[in-house]
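K.L.:
Heads up: the sequence lines are chains A and B, in that order.
Numbering follows UniProt numbering, with no gaps: position 111 of the first sequence is 111.
Numbering follows UniProt numbering, with no gaps: position 185 of the second sequence is 185.
Calculated directly from the structure, the hints in this document are not laboratory data.
Take these hints with a grain of salt, some might be off.
Any copy will do: because identical chains look the same in the list, a pair fits if it lies in one copy or spans two.
Claimed, not checked - With a straight-line Cα cutoff of 30 Å, these simulated DSS-like cross-link-like pairs (lysine-lysine) come out:
1. K254 - K239
2. K86 - K189
3. K154 - K254
4. K5 - K146
Since this is a predicted model, take the numbers as computed values, not measurements.
There are 2 protein chains.
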Amino acid sequence: MTDRKPVILISNDDGITAPGIRALVEAVKDLGQVIVVAPDSPQSGMGHAITIGSPLRLHKVEVFDGVESWQCSGTPADCVKLAKDKILHTKADLCLSGINHGANNSINVIYSGTMSAAMEAAIEGIPSIGFSLCDFKFDADFTLAKTVVRDIVKRMLAEPMPEHTLLNVNIPVVAAADYKGMKICRQAKAKWEEDFDHRIDPRGKDYYWMVGSFLNMDTGTDTDVAALERGYASVVPIKIDFTDYATKTMLEGKWKDNGLGI
Amino acid sequence: MTDRKPVILISNDDGITAPGIRALVEAVKDLGQVIVVAPDSPQSGMGHAITIGSPLRLHKVEVFDGVESWQCSGTPADCVKLAKDKILHTKADLCLSGINHGANNSINVIYSGTMSAAMEAAIEGIPSIGFSLCDFKFDADFTLAKTVVRDIVKRMLAEPMPEHTLLNVNIPVVAAADYKGMKICRQAKAKWEEDFDHRIDPRGKDYYWMVGSFLNMDTGTDTDVAALERGYASVVPIKIDFTDYATKTMLEGKWKDNGLGI
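Let's have the full structure, built from the sequences with the hints guiding it.
P.N.:
Dropping the structure here:
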């Protein structure tokens with residue numbers, strides 16, 4: 001046993017000045033040595049993008065009282081990579097991302113910059129959690145979210161997940177009295193129905209804004225969408241091995257000819 | 001039975017003028033009604049990014065002889081979304097992405113723009129395949145790759161995968177005589193070891209280039225990395241449900257208190 005405090009790396013995708021990351025820092029800063037490395041501008045919808053075609057900037061900044069903080073010109077995944085190589089020089093004990101302004105349940109795990117920071121940490125073998133509040137507003141109320149964060153972080157510090165597994169935690173918008181607790185869930189089968197908004201610019205040229213409506217195609221009661229609707233915080237364990245093993249077995253039987261045989 | 005040709009949507013992440021997408025179009029254009037919607041500039045490493053903070057441009061262009069083609073200012077995932085909503089007005093029968101200049105095996109599926117176009121199609125329920133040649137060069141030889149593409153596309157048109165499952169196909173750089181055939185694989189456990197190249201700009205400010213070396217941590221012989229090393233084309237079925245079901249079951253037992261209990 002040592003008295004060394006756990007090193008907690010914090011990032012997000014709404015940018016280092018977003019209220020959500022401030023709420024996350026406040027929720028956990030007495031639980032370890034917190035270091036923030038976050039984007040200098042909003043990176044929502046960046047998925048697991050990394051910056052390979054242009055260079056990155058990294059600056060130490062004063063944003064959170066008594067917490068070492070850096071802002072980076074790149075994506076959330078870039079932040080975690082830079083943190084590991086240029087700032088921490090060691091493996092963090094835990095990586096937290098968020099608290100995102102807006103839900104990242106179901107299929108949104110694929111598009112989410114918040115989740116990509118946590119996923120990048122998981123690739124590195126760092127236990128990690130992405131937190132999102134189901135409220136897109138800049139001035140959203142993070143009071144309940146901070147309590148949920150603190151509860152889950154304490155559990156993770158006491159006993160981490162299996163290596164390379166991360167958690168996707170979404171917090172409902174309910175009054176504290178109506179909050180039902182956590183629910184361990186699976187990712188709901190859902191998608192966005194896009195409907196691009198077509199406009200004409202002042203020079204007469206077409207352009208398009210992506211808009212869309214969320215479509216839950218999953219009637220299961222064990223999904224993150226269902227849990228959130230009932231007032232639970234959803235906790236989905238996520239893995240970074242995307243192999244579909246059932247289809248792998250099926251294809252091994254079916255494509256026995258080994259290729260170029262048809 | 002109808003005589004309608006299957007609608008094959010093609011995209012990539014190296015941009016509409018890359019030799020790889022030209023090879024893909026040539027390989028399959030007699031197998032269906034091919035429509036190309038691809039980025040107007042390189043989008044490597046974009047992961048599953050989508051463009052929500054700025055508008056998109058979309059232009060019809062003449063690039064491939066006799067093939068309807070559009071270039072888009074956005075990411076590969078944007079291209080597939082725009083194709084569905086603004087160009088096809090129907091569900092494609094198949095979506096192909098690539099042929100990428102460079103490998104997208106193992107963990108690269110997460111960072112890859114090529115795979116994100118295929119993954120976006122899979123979310124929409126469109127059978128889809130991402131193709132990559134393990135050669136980063138602009139003037140790579142796509143001869144073998146085109147033969148592999150044609151073989152796999154014929155199989156998919158004859159009998160698609162289960163809905164929402166896509167294929168990640170990587171083609172080795174070997175002489176045709178040394179090519180061993182296809183191998184159905186799992187995603188190897190691997191990662192990139194980053195080592196940011198620190199430089200000083202002409203105004204005395206720091207900047208960083210992401211560089212890195214690929215680290216395969218997987219000794220299994222059933223992985224995509226192992227298959228490629230032995231001269232096979234690797235075929236990994238990929239699913240879009242990222243839930244780690246084993247950990248879900250474990251947590252359901254362990255976190256029975258339902259939250260805020262500690």
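K.L.:
Does each hint hold? Answer for all of them.
P.N.:
We went through each hint and held it up to the structure:
no.: 1; hint: K254 - K239; verdict: both (27 Å within a copy, 19 Å between copies)
no.: 2; hint: K86 - K189; verdict: between (38 Å within a copy, 24 Å between copies)
no.: 3; hint: K154 - K254; verdict: between (47 Å within a copy, 14 Å between copies)
no.: 4; hint: K5 - K146; verdict: within (20 Å within a copy, 55 Å between copies)
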